[in-house]
Amino acid sequence: MLLLLLGIVVLHVAALVLLFVSTIVSAWVGNPNSSSDLWTNCTTLNGESRCDPADTGVWIQAVQALMILSIIFSFLSLFLFFCQLFTLQKGGRFFLTGVFQIFASLFVMSGAIIYTVMNSEWVHESESYGFSYILAWVAFPLAFISGLIYVILRKRE
Amino acid sequence: MLSVLALTSVVLLGIASQITAIVVYTSWERHALVGSDVRLSCSFFSWQWTSPDVTFSWQYRPDGAKEGISIFHYGGGAAYVDNKGPFRDRLEFVGNPSRRDGSILIKNLDFSDNGTFTCDAKNPPDIVGRPSSVRLLVFEKVPVQAGVVTGAIIGVVLGLLILIVAIYYLMRFLVARRVFSLSMSKHGKKGKGKEGSQQKQAGPLK
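Taken in sequence, the protein lines are chains A and B. So the first sequence is residues 1 to 157, counted in the UniProt record's numbering. So the second sequence is residues 1 to 206, counted in the UniProt record's numbering.
Please keep in mind that the hints were generated in silico from the structure rather than gathered at the bench. For every residue, glycine included, the Cβ atom is placed at its ideal position computed from N, Cα and C. Hints may be right or wrong, so weigh each one.
Just the calculated beta-carbon pair ranges, DEER-fashion [said to hold, decoys possible]:
(1) B:83 - A:113: 54 to 62 Å
(2) A:3 - B:31: 53 to 61 Å
(3) A:87 - B:128: 32 to 40 Å
(4) B:31 - A:114: 21 to 29 Å
(5) B:137 - A:88: 50 to 58 Å
(6) B:179 - A:88: 20 to 28 Å
Here are some, though not all, of the chain B residues that point toward chain A, as calculated from beta-carbon distances under 7 Å [what the hints assert, rightly or not]:
(7) 149
(8) 150
(9) 154
(10) 156
(11) 160
(12) 163
Which residues of chain A face chain B? A few of them, derived with a C-beta cut under 7 Å, are [to be verified]:
(13) 64
(14) 65
(15) 119
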């Protein structure tokens, strides 16, 4: 039982860490000369690099908001998990924890989808997707599976 | 131990020297529509009293230019506005130097007014300090400010969450109270029946 618990917590924390890295690190799209992400666009010209704040379009701000919300919900889910661990009756389900984690995964999914669809507005033609973008897409199924496990899991002794 | 002492004394000296410097405040960025007026505010913080020799000066550096030109100066109690440069007849002093306000008003903006405006204030004897810059962006149509939509979405979702939690607990509280009052009224009817018969007996006695 303890091993199972540990495994679930590790999965949850892994999803959370992926979400963090994806949101913060500036590598959603990039090419050898420039990179841009949710928050800044950095370009390197002749050895000098400068960063501008990202375009203030509505869609990029929506993606920012969704990524931050997914981090918040994943955190709340972890917190609720530990709360429910000590207060739930035997045989009860970690329903609330699972719901929050599934919400977090849905937010990440919508954020990544919006970014994919709308990025022609603010991304140069020559840029290709960076690892933060891929991490966002990986974090979605991880968080979703983690949420499902919580919903199915029953508290044993 | 000695190095820690040396380090703390250096840090304290650094803070102490900052205490006597003048700190100039302006906005970070201003957005405005073409043809409108914009007020660029400038204020300062200084540990000395506001001197009658306080000076404010504004400099303008267009986007892409290396050097700036001086467009406004207030000194010796008089304000001198630009009468030869790009802002002649468009600049007005709307500040109040005795209240540490050195703001200027630029009228009828144009796209060529995009650039960085630097305000430098001096309050003798407090003259050591850095000037502060505000960036002016002139738009045909004011775009959505950075972070407004983000904050709005996050605020709405978290607000809904808190609302749902509050409603859930309120419903639980109300249902519990209703159950409690129902059980009380059951007991109460039994008790009131006994009391009523006692009062009827006591009444005629009085």
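For each hint, the structure was consulted:
| no. | hint | verdict |
| --- | --- | --- |
| 1 | B:83 - A:113: 54 to 62 Å | holds (57 Å) |
| 2 | A:3 - B:31: 53 to 61 Å | holds (57 Å) |
| 3 | A:87 - B:128: 32 to 40 Å | violated (60 Å) |
| 4 | B:31 - A:114: 21 to 29 Å | holds (25 Å) |
| 5 | B:137 - A:88: 50 to 58 Å | holds (54 Å) |
| 6 | B:179 - A:88: 20 to 28 Å | holds (23 Å) |
| 7 | 149 | holds (4 Å) |
| 8 | 150 | holds (4 Å) |
| 9 | 154 | holds (5 Å) |
| 10 | 156 | violated (9 Å) |
| 11 | 160 | violated (11 Å) |
| 12 | 163 | violated (15 Å) |
| 13 | 64 | holds (5 Å) |
| 14 | 65 | holds (4 Å) |
| 15 | 119 | violated (16 Å) |
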